[in-house]
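Add chains B and C to chain A, keeping to what the hints say.
Chains as they are written, first to last, in full-length UniProt numbering: chain A, 1 to 305; chain B, 1 to 321; chain C, 1 to 272.
Quick caveat, the hints were computed from the structure, so don't treat them as lab data.
All of these numbers come straight from a predicted model, not from anything done at the bench.
A hint or two may mislead.
Stated by the list, open to error - Selected chain C positions facing chain A (Cβ under 7 Å, derived; list incomplete):
1) I32
2) G33
3) L35
4) L47
5) G48
6) I52
7) G54
8) L119
9) I185
10) T201
In this text, a Cβ means the ideal position worked out from N, Cα and C, and glycines have one as well.
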Amino acid sequence: MITLRPHEKLLYRATPRRAAAGRRTRRPAGQALRHAGRVFAAEALKQHRRSFGSKLVVFSMLIWPVMQLAATYYTVRPLAATPGIAERWPLAADPGLLLAFLATGTLGFTFFFSLVQSAWHFSFERVTGTLELLFLSPADRLVIVVANGFGALVQNAWLFTCFMIAAFTVLDVVHVAHPAMYAVVFLALLVPAIAWGAFLNSVLIFSRDSAFLYTLLDDPMWFAAGVRLPLFALPGWIRAAGSVLPLTGSLVVVRGALLSGQTAGELAPELAALAGLSALLFAAAVLALRLGEANAQRTGRLRLF
Amino acid sequence: MIRTVGLRKEFRTRRATTTAVAGLTLEIPRGRVTGLLGLNGAGKTTTIKILATLLRPTAGTVLVDDLDPLRDAGAVRRRINLIAGGERMVYARMTGRENLWYFGRLYDVPGAVLRPRVAELLELVGLSAAADTRVERYSRGMTQRLSIARGLINDPAYLLLDEPTLGLDAPIARDLRRVVARLAAEGTGVLLTSHYLAEVEELCQHVYVIAGGHHLTAGSPAELTARAGCHRSVRVTVTGAGPEVAAAVESLAADLGAAAVLDRAADGSLVASLSHPGEIAGPLAMAVVGAGGTLAGLEVAEPTLEDAILALNDRAGMVSA
Amino acid sequence: MSVLSFPVQVGWATFRRTWRVTRRAYPWSYFIGTLMLGVFTVGLAHLGLQAIGGGQVAAGFTAATGSADYLGYITVGAAAFMFTTHGVLWVGKALIEEQRAGTLGALLLAPARRLPYLLGFAGFAFTAIALEVAVLLGCALALGARPAAMGASQAALAVLTLGVAVFGMSVVLGGVMITAGEAHITQNTVFFAIALLSGFTFPRQDLPVVLQWLGELVPTTAAMDVIRGVFTTGAGVPPGRAAVAVLLGLAYTAAGLAYLPRAERHSMERNH
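Just chain A, same shape as in the assembly (with noise of 0.2 Å):
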């Protein structure tokens, strides 16, 4: 019941009117920068709420991935025990170390899909209709889509990635080139991943069949990736098709640094390649976000393809 008392002065009114009429003034990069600040924040706890508590995660993040990751190593380990392992692949010939290298590819997997399930999630706010009121927002339509993505991945990758850590430290198979390469291999999965993540919600907010994506982004995605097998195990067409995922890249760097004891000057190339895709994953998600809501305006449907 809307309780209005007749006479009472609407309280939320005493506060500052807006601006005077028909000044058109650009706000002040500081203004700009706070108010993205303040919905990144509403964003991520909005993402929270969404899939705080839900049983779901525990299990599609950590359950699921670890009996994955015990069949894949059981499927695999045949063919690494094998004479001659060492001149095809070195370091598979240590059951630890192969174990290690498909664990680096759960994780990454597990980082960079939990992405497209909270964009296939957010596709359904087109649905529901709340879509149409973050469009009626004045609210930066990039920051919202890159918060989005950053909290289901704070969401949902700290289980295994706590996992991940404890696993390695108990198998002790890594060594690092330097103690900043910790740092390295962080960022080398946190920003390709945020940027896939802005990217895919971004298109998949405005597509027609977004179950289609998700499916075709599940199991191509860890075979063209190299998740389960090594890169040189992959036919040239398809690792020139891995090449456009940034978990490919990223996986490489993570692996190279945390197995292989490589250094940031060794993996320089690597993560320049990832670095320019993740700024052309960005690129795309502000053109989609671009086209698609100018779309929208026209047609008043918020499809984009």
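Chains B and C in isolation, oriented as in the chain A frame:
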């Protein structure tokens, strides 16, 4: 002031082009409730969505406080908000308070202002007790009320209301009307579309009537009814009436060119109804008394906006609301 | 009009209706998803065999499986896994789909018809699954996989054994899904668990002993030994394992049928 000049919106599909709005010129000043009437498909929702920056006009101009919604979309969006009736578009996994906080953040409401405003709005829509309950546990009506609060979260200078009371319980709808009237009195510019013409008549100081995307007429509800030449009807109840009373009433009706309906009530008294644009209560009473009848009751029904719209509609031949 | 024309009409109408409904509501994303999983599993084996194994497989694998054909082993496992997952998706989810469509209540008014309903549905489902698995096997053959061939009766017996095992699991899962009010977590947890425990893509002997015993609790494990005997080693149906698979499958079916009425009641109470 929101001004539109020659506003036009076409939707093109591969097969055909449909014109939803065909050259509307509107003015929605601050501090007034402006009505927009028409039947389904008249272009009301399209117009509102253009004003809300959700649609881009095919032709014509829109200015919101002299800002162009295309070039200054951010600034315009800060000034406006939209409440659509039947809307339940909030996040089910968040509480009512969190929903309002979230949207407040999207509108860049500073934290020190947002906290009390959220509390105030929750109080306003009667959700204070359920503020920290997740929306998935809300009833339909509660969710709708939260949607109304969401529409006020940025303290909009212009509030666009698209059938806001659709599906609301009667007492809540009445309270919403009070809030709208109050907001307008305090300086908000409100644009209201509604199927409930009584609601428009109660709230709007100025009404635009559109049909098929075209401007039909405009004015205050009183002006519209006057212009439509609607009839007021007068009904008299006469006791002890002989045939001469009925004859007098019929002769008066014939003189005035008014339609007369005569009937006998259960207790034998005569009930006579006349409908005419002019003031006929006096002459009718005189005629009844002059013929020896005793007046037991006299009622005058003023024409309503609904009568006016129906009349306009019949005349235009295209509207039917 | 002859006496026979009416039943024929009804049959034709029913067939057309089922066909149309299935075609319209066919779970394409599940099909494509599980088909891709199968294809990529076989693809992984194919590429891994070349690049990692250098065309060979570890001696331990041959000793454990009785076969040196790694690609054939994975292909049989992937096809059986697809058979199992689709069986659960079709049959196990039939009841919760009814519940979601709001027709479960109507179904419950005829309690005696539950088993025929599920069997009838399974008959239809396994026909669909046979077609679906054939697509995967076609892909695997294109990659060079050559499963061991046995007599048609042995092959039919092995597939039937797996069918009984999957049916039993599906009935139990149908009850669990209705009780839990959700299918996604339940079905995927079961899929990941049996992928690890039942020896679809690697010999179970490699697993820790505890997990090997855990695997014996699900009927697909023994059924997979039967599948292996026929399609991998070519030794024929192992009678002991076939008996275990069928008995366990029937026990699951009986337990599931005994549990279903309670699950349905529970779900009705929760929903109202």
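Consistency of the hints with the structure:
no.: 1; hint: I32; result: holds (5 Å)
no.: 2; hint: G33; result: holds (5 Å)
no.: 3; hint: L35; result: violated (9 Å)
no.: 4; hint: L47; result: holds (5 Å)
no.: 5; hint: G48; result: holds (5 Å)
no.: 6; hint: I52; result: holds (4 Å)
no.: 7; hint: G54; result: holds (6 Å)
no.: 8; hint: L119; result: violated (31 Å)
no.: 9; hint: I185; result: holds (5 Å)
no.: 10; hint: T201; result: holds (4 Å)
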